[in-house]
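2 protein chains.
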Amino acid sequence: MKRHLKKINALIENFDVETELALQSVSKTKKYKKGEFLLYQGEICKSSFWIEEGITRKYYMNDKKEVTTELLFKHDLAVAFSSYVSNQPSLEFIQAITDVTVSCIDKNSFRNIKENHPHLIQLDLLMTEYYAMWLEKRLFEFHTLNAIDRYKLLLLEQPDFIRHIPLTYIASYLGISLETLSRVRTKI
Amino acid sequence: MKRHLKKINALIENFDVETELALQSVSKTKKYKKGEFLLYQGEICKSSFWIEEGITRKYYMNDKKEVTTELLFKHDLAVAFSSYVSNQPSLEFIQAITDVTVSCIDKNSFRNIKENHPHLIQLDLLMTEYYAMWLEKRLFEFHTLNAIDRYKLLLLEQPDFIRHIPLTYIASYLGISLETLSRVRTKI
DNA sequence: TTTGGCATTTGACTTAAGTCAAATAATTAG
DNA sequence: CTAATTATTTGACTTAAGTCAAATGCCAAA
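Read top to bottom, the protein sequences are chains B and G.
Okay, so the first sequence: first residue is 1 according to this note's numbering, each after it adds one.
Okay, so the second sequence: first residue is 189 according to this note's numbering, each after it adds one.
Errors might be hidden in some of the hints.
For lysine-lysine, the following DSS-like pairs were computed, each having C-alpha atoms within a straight-line distance of at most 25 angstroms [claimed, not checked]:
#1 253(G) <-> 137(B)
#2 46(B) <-> 33(B)
#3 137(B) <-> 30(B)
#4 107(B) <-> 302(G)
#5 253(G) <-> 46(B)
#6 295(G) <-> 7(B)
Simulated from the structure, these hints should not be mistaken for lab results.
My request is simple: use the sequences and hints to build the entire structure.
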């Protein structure tokens with residue numbers, strides 16, 4: 001996964017000036033306050049959000065309960081993927097859980113500039129591959145680890161981030177109840 | 189998801205003859221007997237397998253138990269994705285569960301011809317998007333459905349599954365024990 | 001600095017699904 | 001066709017995690 005991020009960075013480093021400008025031309029800086037929504041469930045996701053600062057999460061409602069699907073930090077890309085790709089209403093919300101600054105990239109404009117900038121379609125592919133690998137990893141962890149071990153792994157992989165996030169979100173991200181998470185924490 | 193498959197097909201229909209030939213030049217028909225392996229755990233996945241005929245599955249071992257990650261049918265693409273993308277040893281086996289015929293596409297050759305055939309990188313992107321959406325859907329189903337409903341959904345979406353596939357594989361694909369699956373089946 | 005509202009923990013109980021063992025049923029090989 | 005093997009079902013019991021309710025901790029605004 002890390003290796004793949006390096007590939008992505010290497011590609012971006014090698015962008016020619018034109019490509020860089022094109023990308024800038026379709027990007028727009030936006031700011032959201034803690035608690036505000038970058039995307040609502042039911043909306044079609046028409047842009048991707050490159051996190052410049054702060055933390056966001058993706059989640060959906062199931063049975064009046066929130067299921068957090070992803071936690072996104074500085075230099076992550078927040079998108080309601082299926083909605084973005086297939087132009088269908090999003091099942092997910094995207095919400096700022098701290099004040100955030102994002103670089104908002106319009107989807108249609110990005111599609112347009114991809115035509116003339118081969119590096120950009122490569123970037124798109126690499127990012128999508130990265131996301132698919134991340135999803136595979138997440139599925140794998142749900143199948144092979146119990147609540148305790150999933151929490152331990154999260155601590156291991158994202159130690160500092162976890163500090164700033166309410167346990168409710170972490171529990172729902174780990175797919176366990178808040179109470180179970182609380183109990184897990186005492187056992188570590 | 190269906191809409192996305194249509195996009196993929198539309199793209200393939202519109203391939204120019206050169207692209208088509210290039211693709212053929214890196215493809216090679218192979219046959220496997222029931223039970224044989226297209227890929228072993230630990231191998232680096234250096235090709236993708238387009239299923240022409242038959243059924244395969246992807247699975248890994250966890251605690252001496254098999255976890256089936258994907259069942260693949262005619263016109264599906266079987267790849268150990270993370271291994272393929274990041275050149276790391278595969279955690280997964282790919283196994284023929286009936287006699288199968290596949291069109292085996294060499295990864296490096298495919299990467300080479302992508303350079304000169306822009307349609308092919310578009311194809312790559314669309315296929316990867318499709319896989320990522322499928323993974324999202326699978327995660328969603330694990331989080332929102334219990335054993336009974338996951339089985340019902342499988343019956344609904346892939347009725348032909350059940351006919352040709354031993355229950356052990358179906359159970360491990362649904363993430364439940366064989367016994368639970370057996371009990372679920374009586375309750376339908 | 002107090003108060004009201006979240007966030008977290010703790011306790012008692014329930015439940016979905018797993019495990020282990022054994023009994024049938026269905027295929028396959030000889 | 002029959003034995004052997006493999007697949008599936010059934011039963012009794014266990015367990016990880018969920019639920020509901022209450023207690024405690026913690027911060028932020030008045």
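Quiz item: Does residue 295(G) pair with residue 7(B) here, judged by a C-alpha cut-off of 25 angstroms?
Solution: With Cα atoms ~17 angstroms apart, residue 295(G) and residue 7(B) stay inside 25 angstroms; holds.
Quiz item: Are residue 253(G) and residue 137(B) close enough, with their CA atoms no more than 25 angstroms apart?
Solution: holds, 18 angstroms
Exercise. Sort out whether residue 33(B) lies within 25 angstroms of residue 46(B), counting only the CA atoms.
Key: This hinted pair holds, its Cα atoms lying about 20 angstroms apart.
Exercise. Starting from residue 253(G), check that the Cα of residue 46(B) is at most 25 angstroms away, please.
Key: Distance ~42 angstroms between residue 253(G) and residue 46(B) Cα, so the pair is violated.
Quiz item: Going straight from one Cα to the other, do residue 137(B) and residue 30(B) come out at no more than 25 angstroms?
Solution: Violated, because 31 angstroms separates the two Cα atoms, which is more than 25 angstroms.
Practice problem: With a cut-off of 25 angstroms on the C-alpha distance, tell me whether residue 107(B) and residue 302(G) pass. | Solution: holds, 24 angstroms
Checked against the numbered hints given earlier, the structure breaks hints 3 and 5 and satisfies all the rest.
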